[in-house]
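Assemble chain H onto chain Z, guided by the hints.
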Amino acid sequence: MSPSKEITARGLAAEVRSGVRSARSVLEEHLSVIDASEKEIHAFNLVLIEDARAAADVVDAQVAAGDDPGPLAGVPVALKDNICTRGVPTTCSSRILEGWRPPYNATVVDRLVAAGAVVVGKTNLDEFGMGSSTENSAFGVTRNPLDLRKVPGGSSGGSAAAVAAGFTPLALGSDTGGSIRQPAALCGVVGVKPTYGVVSRYGLVAFASSLDQIGPISRTVADSALMLEVIGGHDRRDSTSIPVPAPDLTSVLDRGVEGLRIGIIEELSGDGLEGIAVDVKARLGEAAAALEAAGATVAATSVPSTVYGLSAYYVVAPAEASSNLARYDGVRFGLRIDAPNAGDMNIATRTAGFGDEVKRRIMLGTYALSAGYYDAYYGKSQKVRTLIMNDFARAYEEFDILLSPTAPTTAFPIGEKTSDPMAMYLNDVCTISSNLAGHPSMSVPFGLGNDGMPIGIQVLAPATDEVTMFRVAAVLESTAPAGHPAIGGVA
Amino acid sequence: MTEYTARQRISRSEVAHVADLARLSLTDQELDAFTNQLAAVLDHAADLEALDLTDVEPMIHPLPVHNVLRPDVVGETSDRNEVLSCAPSIENEQFRVPPVLGESP
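Residue numbers (numbering that gives the first Met the number 0), protein chains in the order written: chain Z, 0 to 490; chain H, 0 to 104.
Just so you know, the hints here were simulated from the structure itself, not pulled from any lab data.
Every residue, glycine too, gets a C-beta built ideally from N, C-alpha and C.
Worth double-checking, as some hints may not be accurate.
Claimed, not checked - Listing some non-contacts, in silico: residues in chain Z with all C-beta distances to chain H over 10 Å:
id, residue
1, Gly-18
2, Asp-146
3, Ala-288
4, Ala-293
5, Ser-301
6, Val-383
7, Glu-397
What the hints assert, rightly or not - To spell it out: a stretch of chain Z is covered by chain H in this simulated footprint if at least three of its residues, at any positions, have a beta carbon under 8 Å from a beta carbon of chain H; those stretches are:
id, stretch
8, 279–286
9, 475–483
Isolated chain H (complex conformation):
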């Protein structure tokens, strides 16, 4: 594959920032590899830069469909306990997670 050493479309620090946003932790080695690989994909996507798209509308949906409202009547729903039983940890019919704010050691 292409080796990127000089200027790239995405820098190592940008990849680190994106990984942080995506809640992923990367090793130094992974960071190097992903930086090269993402740069190669963004390089390919650079062919879009030459296109003049000023008067083109973005496609939101492949077909002209519209929102449909159903009657406001209670239908079948999922069983509460069955749904909760999928969770790694529950307490008092709620999802249990480690401390969120200010309580971590």
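So that you can see chain Z by itself, here it is in the shape it has in the complex:
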């Protein structure tokens, strides 16, 4: 284990708050790690060196004045580049937002800054969050810090890579069908998709509004708990925000799993699941055994309609995306390709501004919503979401927590799946159902595959039960086999 794996947000904030270390020195240390390896990894679309220095100095001035900068005092954070930052380019890794500087901050950004965090940069993603490998970016691919020939997963691949490489101890991602959890699994870090509505989406550039949710990525379970406490809680500027305070998570992490009933989802882990790797199944079995040894009861269970999750998702998400992305018309912000009339200007702008995957999803969604097909595709898929919710509800009568792998395989080589969208979509097969149901789930690193790359275990909980989810995650973390030696400090 490299020494830098010991660097946690919780530890850094405690040192900065008590005056043992300055926020500025914490920042400079992280900037030097970024400087050494960012060129080969490309986690960031933008590193905000001077802004970050100014923010760190503000934190240090607060400490010097005897004020408490907050629970994330001086902690460097990276933001997925679909989260709005006032006056700072927010690209969604798309050409279509070229030159755009949002006139407002996302709520999560305001909350992080108010808690003393220092924003160091905006991370790369699959354009508008559409992808599972961070290869669909207008600004080039992000590489997995643990093996530069492999993808980091996606779409929050830049954020997961930044945390795994030790660029920042914390990052924000967004998760529409697995975009926080799958890259976290592939990079050997923790990633959390909270219950829909726990974290405000105000200032998150919309992909599929009924599925999108912002969440933390970190090297430890405790750090994700800390970050979620800061960013969670009701926001009047998001009409889908749940009107309750953020859950108290850091205080429950040592409660253990004694007496908890944990179910392994057969459909997302058994032999029937297309493409699930032998080593992934082996780690899941070991995770189940570890939880049993810690006092939980573990049994296989069935959530039958999750087998329809992928199909329903690839109708619902593109349908909502086609509607959300209609706003990019070259009129009010971002790119404009001029043409003699407005209609042609719209077409020229969208054709030049969007990448292939975004075009594919817009067309798929437009088709699924078009006259004559609405009932067959979108209407049917929305009903499938009800089936999935009902099946989860039945499973949660018997179990407190459900378990599955986060992804069917470890990180795959760059370029392997780019020409076959359906093969790429199958990466999301284990994560999608939580988004369709609106439930929380998170990925916890649990040992390595036969190729030496990380494997993540997915912990699923019923709506708003982040507390139990984090208890299980903490036990998995403490019982996990050794992870990748390079996590948190590039070898």
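Frame of chain Z, contents of chain H only:
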């Protein structure tokens, strides 16, 4: 990937129509590639056809939340000039676009 040559779930002309609705312009080569790729996704989604969903309600929202009305009081709003400054072209505090009706050459 699977090659589709015979009957597909979506035809080349349907993809062209959808691209038109979505304000996208495709080359012939793109049209061929997208037709195959969209057909593959729709093929996968065909497993939904076997489901009997007659008595199932569509899910509109993951949680039982309700509309909330705030007091009708003016709060903080975005700065007009700051918002306008995001636009590619403005004139007289309005977004400027090329001619919309009947004026194109």
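Now for the hints, and whether the structure bears them out:
no. : hint    : in the structure
1   : Gly-18  : 35 Å, holds
2   : Asp-146 : 25 Å, holds
3   : Ala-288 : 32 Å, holds
4   : Ala-293 : 30 Å, holds
5   : Ser-301 : 17 Å, holds
6   : Val-383 : 6 Å, violated
7   : Glu-397 : 21 Å, holds
8   : 279–286 : violated (count 0)
9   : 475–483 : violated (count 0)
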